[in-house]
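Asks: Please build the complex by placing chain C on the supplied structure of chain V, with the hints as guidance.
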Amino acid sequence: SQKIEQNSEALNIQEGKTATLTCNYTNYSPAYLQWYRQDPGRGPVFLLLIRENEKEKRKERLKVTFDTTLKQSLFHITASQPADSATYLCAAAGYSSASKIIFGSGTRLSIRP
Amino acid sequence: SQTIHQWPATLVQPVGSPLSLECTVEGTSNPNLYWYRQAAGRGLQLLFYSVGIGQISSEVPQNLSASRPQDRQFILSSKKLLLSDSGFYLCAWSAPDRGNYGYTFGSGTRLTVV
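If you read the protein sequences in the order shown, they are chains V and C. Each number in the numbering used here corresponds to the 1-based position in the first sequence with 65 added. Each number in the numbering used here corresponds to the 1-based position in the second sequence with 88 added.
Chain V extracted, bound-state conformation (with noise of 0.2 Å):
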């Protein structure tokens, strides 16, 4: 079946570093991958979307990578802050607007002053 997986453990950074976070993806070739950031008791919120044809895209201190022979995306964000401290999620989608959005189950990231 298909699966989107991420890195189950939290992840504890230390504020200004640079914070990486893996999202793998097996038995799927999505044509897009989505990164979500979500707060405790609240709903996602959308971030970045990169296609499968882009090899990175950035926004500001987030940058998304994309690698088809890995099967893999890492999200990074530069010069992290304790505001950027949430779970974020990693989703997939196929090249269909009626395709359906896959989740991984998150990762929880911790930035200490």
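Each hint should be verified, as a subset may be incorrect.
Capping the alpha-carbon separation at 30 Å, the derived lysine-lysine pairs in DSS-like fashion look like this [unchecked claim]: (1) V:Lys165 x C:Lys167; (2) V:Lys165 x C:Lys168; (3) V:Lys82 x V:Lys128; (4) V:Lys82 x V:Lys165; (5) V:Lys165 x V:Lys124; (6) V:Lys68 x V:Lys165.
Worth flagging that the hints you see were computed from the coordinates, not collected in a lab.
Replies: Only chain C this time, still in chain V's reference frame:
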């Protein structure tokens, strides 16, 4: 601008009682609508999705049902709640031709069945 409203925010219900969670979207027409459930520390499980009024697709056999009585209204229901129905329920929408570009989620309902 588009907004999504979901209520209530929290709910404590006894086993065997009925359930009705409501979700409405404003500022858009003919959205795709979704109900997800998120167990503690787990990923999002798609329960139902709808591409139009009266059109409901179920992803997981369960004790729940969904209805879409109006274009921008999506309701999640149960006739008799089970303990295993506890969880965080999320409604989401996407534009009909941009579903693979990402969803906009509501703020969620924390349901505890006791």
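Asks: For each hint, tell me whether it holds in the structure or not.
Replies: We went through each hint and held it up to the structure:
| no. | hint | verdict |
| --- | --- | --- |
| 1 | V:Lys165 x C:Lys167 | 27 Å, holds |
| 2 | V:Lys165 x C:Lys168 | 28 Å, holds |
| 3 | V:Lys82 x V:Lys128 | 14 Å, holds |
| 4 | V:Lys82 x V:Lys165 | 35 Å, violated |
| 5 | V:Lys165 x V:Lys124 | 25 Å, holds |
| 6 | V:Lys68 x V:Lys165 | 13 Å, holds |
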